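Student: This is what each chain is made of:
2 protein chains.
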Amino acid sequence: MVHQKYPELDVPARILLSTGPTNVHPRVYKAMQTPVIGYGEAAFLPVIDGISSMLAEVFQTKESLTMALSATGSGGVEAGMASLLEPGDTVVIGSYGFFCERMAEMARRQGANVIIVKGEWARSLDPQAVADELKKHKSVKLVGMVHAETSTGVSQPLEEISRLAKEHDALFVVDAVTSFGGSEVAVDRWGVDYISSGSQKCLSCPPGLAPMAVSQAALDVMGNRKQSSPSWYLDLLLIANYWGKDHVYHHTAPISSLYAIYEGLRIVLEEGLEARFQRHQRNAAALRAGLEALGLTIISDKDHRLAQITPVAIPEGVDDGKVRTRLANDFKIEISRGLGQFAGKIWRIGLMGEASTAGNLLLLLSALEEILPQEGYEVPVGAGVAAASKALASS
Amino acid sequence: MVHQKYPELDVPARILLSTGPTNVHPRVYKAMQTPVIGYGEAAFLPVIDGISSMLAEVFQTKESLTMALSATGSGGVEAGMASLLEPGDTVVIGSYGFFCERMAEMARRQGANVIIVKGEWARSLDPQAVADELKKHKSVKLVGMVHAETSTGVSQPLEEISRLAKEHDALFVVDAVTSFGGSEVAVDRWGVDYISSGSQKCLSCPPGLAPMAVSQAALDVMGNRKQSSPSWYLDLLLIANYWGKDHVYHHTAPISSLYAIYEGLRIVLEEGLEARFQRHQRNAAALRAGLEALGLTIISDKDHRLAQITPVAIPEGVDDGKVRTRLANDFKIEISRGLGQFAGKIWRIGLMGEASTAGNLLLLLSALEEILPQEGYEVPVGAGVAAASKALASS
Numbered sequence: 022m023v024h025q026k027y028p029e030l031d032v033p034a035r036i037l038l039s040t041g042p043t044n045v046h047p048r049v050y051k052a053m054q055t056p057v058i059g060y061g062e063a064a065f066l067p068v069i070d071g072i073s074s075m076l077a078e079v080f081q082t083k084e085s086l087t088m089a090l091s092a093t094g095s096g097g098v099e100a101g102m103a104s105l106l107e108p109g110d111t112v113v114i115g116s117y118g119f120f121c122e123r124m125a126e127m128a129r130r131q132g133a134n135v136i137i138v139k140g141e142w143a144r145s146l147d148p149q150a151v152a153d154e155l156k157k158h159k160s161v162k163l164v165g166m167v168h169a170e171t172s173t174g175v176s177q178p179l180e181e182i183s184r185l186a187k188e189h190d191a192l193f194v195v196d197a198v199t200s201f202g203g204s205e206v207a208v209d210r211w212g213v214d215y216i217s218s219g220s221q222k223c224l225s226c227p228p229g230l231a232p233m234a235v236s237q238a239a240l241d242v243m244g245n246r247k248q249s250s251p252s253w254y255l256d257l258l259l260i261a262n263y264w265g266k267d268h269v270y271h272h273t274a275p276i277s278s279l280y281a282i283y284e285g286l287r288i289v290l291e292e293g294l295e296a297r298f299q300r301h302q303r304n305a306a307a308l309r310a311g312l313e314a315l316g317l318t319i320i321s322d323k324d325h326r327l328a329q330i331t332p333v334a335i336p337e338g339v340d341d342g343k344v345r346t347r348l349a350n351d352f353k354i355e356i357s358r359g360l361g362q363f364a365g366k367i368w369r370i371g372l373m374g375e376a377s378t379a380g381n382l383l384l385l386l387s388a389l390e391e392i393l394p395q396e397g398y399e400v401p402v403g404a405g406v407a408a409a410s411k412a413l414a415s416s
Numbered sequence: 022m023v024h025q026k027y028p029e030l031d032v033p034a035r036i037l038l039s040t041g042p043t044n045v046h047p048r049v050y051k052a053m054q055t056p057v058i059g060y061g062e063a064a065f066l067p068v069i070d071g072i073s074s075m076l077a078e079v080f081q082t083k084e085s086l087t088m089a090l091s092a093t094g095s096g097g098v099e100a101g102m103a104s105l106l107e108p109g110d111t112v113v114i115g116s117y118g119f120f121c122e123r124m125a126e127m128a129r130r131q132g133a134n135v136i137i138v139k140g141e142w143a144r145s146l147d148p149q150a151v152a153d154e155l156k157k158h159k160s161v162k163l164v165g166m167v168h169a170e171t172s173t174g175v176s177q178p179l180e181e182i183s184r185l186a187k188e189h190d191a192l193f194v195v196d197a198v199t200s201f202g203g204s205e206v207a208v209d210r211w212g213v214d215y216i217s218s219g220s221q222k223c224l225s226c227p228p229g230l231a232p233m234a235v236s237q238a239a240l241d242v243m244g245n246r247k248q249s250s251p252s253w254y255l256d257l258l259l260i261a262n263y264w265g266k267d268h269v270y271h272h273t274a275p276i277s278s279l280y281a282i283y284e285g286l287r288i289v290l291e292e293g294l295e296a297r298f299q300r301h302q303r304n305a306a307a308l309r310a311g312l313e314a315l316g317l318t319i320i321s322d323k324d325h326r327l328a329q330i331t332p333v334a335i336p337e338g339v340d341d342g343k344v345r346t347r348l349a350n351d352f353k354i355e356i357s358r359g360l361g362q363f364a365g366k367i368w369r370i371g372l373m374g375e376a377s378t379a380g381n382l383l384l385l386l387s388a389l390e391e392i393l394p395q396e397g398y399e400v401p402v403g404a405g406v407a408a409a410s411k412a413l414a415s416s
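If you read the sequences in order, they're chains A and B. If you're matching positions, the first sequence starts at 22 in the working numbering and goes up one per residue. If you're matching positions, the second sequence starts at 22 in the working numbering and goes up one per residue.
Hints may be right or wrong, so weigh each one.
Since the list can't tell identical chains apart, any single copy or any two copies may satisfy a pair.
[Unchecked claim] Calculated lysine-lysine pairs in the DSBU-like style (CA-CA distance at most 30 Å, straight line):
hint, residue 1, residue 2
1, K411, K247
2, K266, K366
3, K353, K139
4, K366, K343
5, K156, K247
6, K343, K266
7, K353, K51
8, K266, K353
9, K139, K157
10, K139, K156
11, K156, K353
12, K26, K266
13, K83, K26
14, K83, K411
15, K187, K156
16, K353, K366
17, K187, K247
18, K247, K323
19, K366, K26
Please keep in mind that the hints were generated in silico from the structure rather than gathered at the bench. These figures come from a predicted structure and were not determined experimentally.
Build out the structure end to end from the sequences listed, making use of the hints.
Tutor: Put into structure tokens, the structure is as follows:
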């Protein structure tokens, strides 16, 4: 009876060339079969300590506290805002995409006075605009930026903005949900005080964990709050007590997700950061070459294109949903639709973590060569895969 | 090199007779191998809808919205407080254990005027005390209670308190982290407006998800807030949009954890709610009989003992940590220490979900018969398992 009403799970496998989640490594699935045990047991604590150490390597930090919160990527960004901000604090946030706006919304909900430095979608933000804005304010609590704007496929350079924030005694806060594990994220060198990511992008783990790094300056600000954060669950000072050497109970740690990220991080470090970043760059370059050879337009600023996400204009007359549905049904490929002001105007193609392979990008180009003409947009069939293959061979 | 520094996961299996997480069903581990796909894909949405329907059956509600939040049990309790409360609201919270205090702390952090109705740890709260307190306040936004106090092993009757809350036009909010799936939780009949639980207790899934039920009255209160909740991530109105029929994107759904709870809920419904509740009762009764036959004292109020958690006084002179370490190392059994004012004074023995079996409780009693005399506390060896077996046979 129960079986009839609620059938066994039967979910088709997909090649996940979306904005996430990405394909999970078989070793990560295997790690999730590790028996669940208590989060306070001596036998479990090496898992916590191992994750923290490996995160420090990938975040390139010796100075920050690294941990993974039981929440998705957005929960990680909010934990930073909820732990650092108090009502009335002035914050300066760069806005050049959907996730920038989300960060600003989170800061606003903390009662902060949110100053937006408005850029353009699909362009990176000029640090000068941040410098000009900072000059207008006497005291700024933090400057917040999105490193990899998933909605526009743009990578935001951070070092200069970090320097400006420091000059104004402001903390520097970064959303690295989409970049972490696929591009360089150099926390110490860039002077980042709070940065968070998600498990389901370039780490190729299931969604539900937010890796993060918190500087001592950020911890000090948290420790000196006038009143407690409105969030107990996302209060990073309390979470730090579990991840610190005393492992004090806060909330139940998400054991299986932690097994997953432990294995995911091992895989990242085995490949090597530099090799991994290059693989993401190389595959993204080949995809772009292929798309352009098909006459498609990549809408992001040429100088600041993300390797992780390639945003392509949907050709006029082509049905957004129909193409995505055919990709899913006939080719088992998932790509993402546009968000916010780009909804219905672009597709976003992800090449992240395990999904960033030559085979995947060639298959997608081949699928587009088949589908687009049938949907009323002629392309030079064969030219996409040829250009991509050429780019791969020469890189 | 990486392998040397970060070895492959090697975590010993345990019999989890702790307060959670509990042992995960093999079918749940298998479900977690289901391929991760996009949270917005048509092929994934039946999983969301199936979980929502099954949660409605277990919460015994036809009227509330049921969903599962990407956070642990405490995150679920906080989501209720963060979504319902605004600064200055008056709330009345019963306090008779560690998790009652946590609920009060969460309400306080929302800027609410928190009125505590103080009971005793390890006793249930007299509804008359709630009635007396409510009379003193003109306007109360909500009355909050913990159904199953994990720190004391006490079950709190809720119907009378719910009635009192309604009489005062207050919402009735319940923490059912430890009871849900192991004891009756009748949301509609009891008139509960917001209730949440955790995946890792009686559902025997890994930790990291908070199942919940939200009444229309609670949704109305959220919809009529003067200002937004300080939490975007835990804003239940936004989360409801994803779980509702339009499945609007909020944050990335924790795909693998959702596969796990889908299968966990199927197992609960296949066993049948009544049969499952009786199994928990029967095994708890046998455990208590065995512990008492060994001369140990169960510290919770006899009339309101939880089937899920049995709190036992640590005999004088016996070393708390030593006994727990021996149970873990020699018998692969995990039990929990005391929390808060009971730290060092009690052990808490859990019999929840998959871990609630006759074999497990007999093994624990046998282990205690072996360990306790060696740790300086004489017990009538054999009497514990005999009494438990007798209780099982007669039930």
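Student: Could you run down the list of hints and mark each one as holding or not?
Tutor: Here is what the structure says about each hint:
no.	hint	result
1	K411 x K247	neither (60 Å within a copy, 59 Å between copies)
2	K266 x K366	between (49 Å within a copy, 25 Å between copies)
3	K353 x K139	neither (38 Å within a copy, 58 Å between copies)
4	K366 x K343	within (14 Å within a copy, 64 Å between copies)
5	K156 x K247	within (26 Å within a copy, 34 Å between copies)
6	K343 x K266	between (53 Å within a copy, 21 Å between copies)
7	K353 x K51	both (23 Å within a copy, 22 Å between copies)
8	K266 x K353	between (45 Å within a copy, 25 Å between copies)
9	K139 x K157	within (15 Å within a copy, 51 Å between copies)
10	K139 x K156	within (16 Å within a copy, 53 Å between copies)
11	K156 x K353	neither (51 Å within a copy, 62 Å between copies)
12	K26 x K266	between (48 Å within a copy, 18 Å between copies)
13	K83 x K26	between (53 Å within a copy, 16 Å between copies)
14	K83 x K411	neither (40 Å within a copy, 59 Å between copies)
15	K187 x K156	within (13 Å within a copy, 54 Å between copies)
16	K353 x K366	within (22 Å within a copy, 57 Å between copies)
17	K187 x K247	within (22 Å within a copy, 36 Å between copies)
18	K247 x K323	neither (45 Å within a copy, 44 Å between copies)
19	K366 x K26	neither (39 Å within a copy, 47 Å between copies)
Hint check: violations occur at hints 1, 3, 11, 14, 18 and 19; the rest are consistent with the structure.
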